[in-house]
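Trainee: Starting from the structure of chain Y, add chain D where the hints point.
Heads up: the protein sequence lines correspond to chains Y and D, in order. Residue numbering for the first sequence follows the working numbering, beginning at 463 and increasing consecutively. Residue numbering for the second sequence follows the working numbering, beginning at 463 and increasing consecutively.
Simulated from the structure, these hints should not be mistaken for laboratory data. Some clues are possibly wrong.
Identical copies go unnamed one by one, so any copy, or any two together, can satisfy a pair.
Said to hold, decoys possible - Calculated cross-link-like contacts (lysine to aspartate or glutamate; reagent style EDC-like; alpha-carbon spacing at most 16 Å):
hint, residue 1, residue 2
1, K511, D529
2, K511, E466
3, K505, E466
4, K505, E554
5, K505, D487
6, K505, E482
Nothing here was measured: the structure is a model prediction, and the numbers come from that model.
There are 2 protein chains.
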Amino acid sequence: MAIEHTVVFRLIHPAGSSQETEFLDSARRTLTAIPGVTDFVIKQQCSPKSDLAWQFSMRFADQSAYDAYNAHPAHVAFVEQRWQTEVAAFQEYDFVPR
Amino acid sequence: MAIEHTVVFRLIHPAGSSQETEFLDSARRTLTAIPGVTDFVIKQQCSPKSDLAWQFSMRFADQSAYDAYNAHPAHVAFVEQRWQTEVAAFQEYDFVPR
Numbered sequence: 463m464a465i466e467h468t469v470v471f472r473l474i475h476p477a478g479s480s481q482e483t484e485f486l487d488s489a490r491r492t493l494t495a496i497p498g499v500t501d502f503v504i505k506q507q508c509s510p511k512s513d514l515a516w517q518f519s520m521r522f523a524d525q526s527a528y529d530a531y532n533a534h535p536a537h538v539a540f541v542e543q544r545w546q547t548e549v550a551a552f553q554e555y556d557f558v559p560r
Numbered sequence: 463m464a465i466e467h468t469v470v471f472r473l474i475h476p477a478g479s480s481q482e483t484e485f486l487d488s489a490r491r492t493l494t495a496i497p498g499v500t501d502f503v504i505k506q507q508c509s510p511k512s513d514l515a516w517q518f519s520m521r522f523a524d525q526s527a528y529d530a531y532n533a534h535p536a537h538v539a540f541v542e543q544r545w546q547t548e549v550a551a552f553q554e555y556d557f558v559p560r
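Here chain Y stands alone, though its shape is the one from the complex (with noise of 0.2 Å):
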């Protein structure tokens, strides 16, 4: 079953600052570069009942291709890199179909 894969997350970096910028573009050139992900997308969270600003969200077919995502040295790398120590705060969420 498909699983849509979400986290929503807030940077250490200035809104409209270009280590945001910077930080954003990256995400999407390495994390759709890794074999499984599709339908990547990031969002603005406005809402003011969160202080969370953005969100990455992808979709995996199955839980193996979610499962080898994870596995991924450039994953591995990416949260290693940047994702620990740009990211101030975040929130994980998986979706399927009900």
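Mentor: Structure of chain D alone, referenced to chain Y:
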């Protein structure tokens, strides 16, 4: 600009219970009947990194359609009579394209 309104939540009802089914079906009937609500979808949240179990998502053409939904008597009644008594925890997020 189109706005995607989402809420991720957990019910007070046991997973798989008839109360859960009734809540979800009733929410769909009530909320999709409110003018301006489009693309209403119920999804199951399956990441173990969150203890929330369901998501409602819907789309509004613009902020004024979203405001009208929030103020609509059917929405206000749903929040007061069902949401506040049957939802144990929730988080709202709204999204616009980057």
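Trainee: Please go over all the hints and tell whether each is borne out by the structure.
Mentor: Verification of the supplied hints:
In the homo-oligomer, the alpha carbons of K511 and D529 lie at most 16 Å apart only across protomers (15 Å), although the nearest pairing inside one protomer, at 32 Å, exceeds that limit. In this assembly of identical chains, the alpha carbons of K511 and E466 lie at most 16 Å apart only when taken from different copies (14 Å versus 23 Å within one copy). In this assembly of identical chains, the alpha carbons of K505 and E466 lie at most 16 Å apart whether taken from the same copy (14 Å) or from different copies (10 Å). Proximity of K505 to E554 under the C-alpha cut-off of 16 Å is found in both arrangements, the shortest distances being 14 Å within a copy and 15 Å between copies.
With identical chains, the CA atoms of K505 and D487 are at most 16 Å apart within one copy only, with a shortest distance of 12 Å there and 28 Å across copies. For the homomeric pair K505 and E482, the shortest alpha-carbon distance inside one copy (13 Å) is at most 16 Å, but the shortest distance between copies (30 Å) is not.
Going down the numbered hints, you'll see the structure goes against none, and every one checks out.
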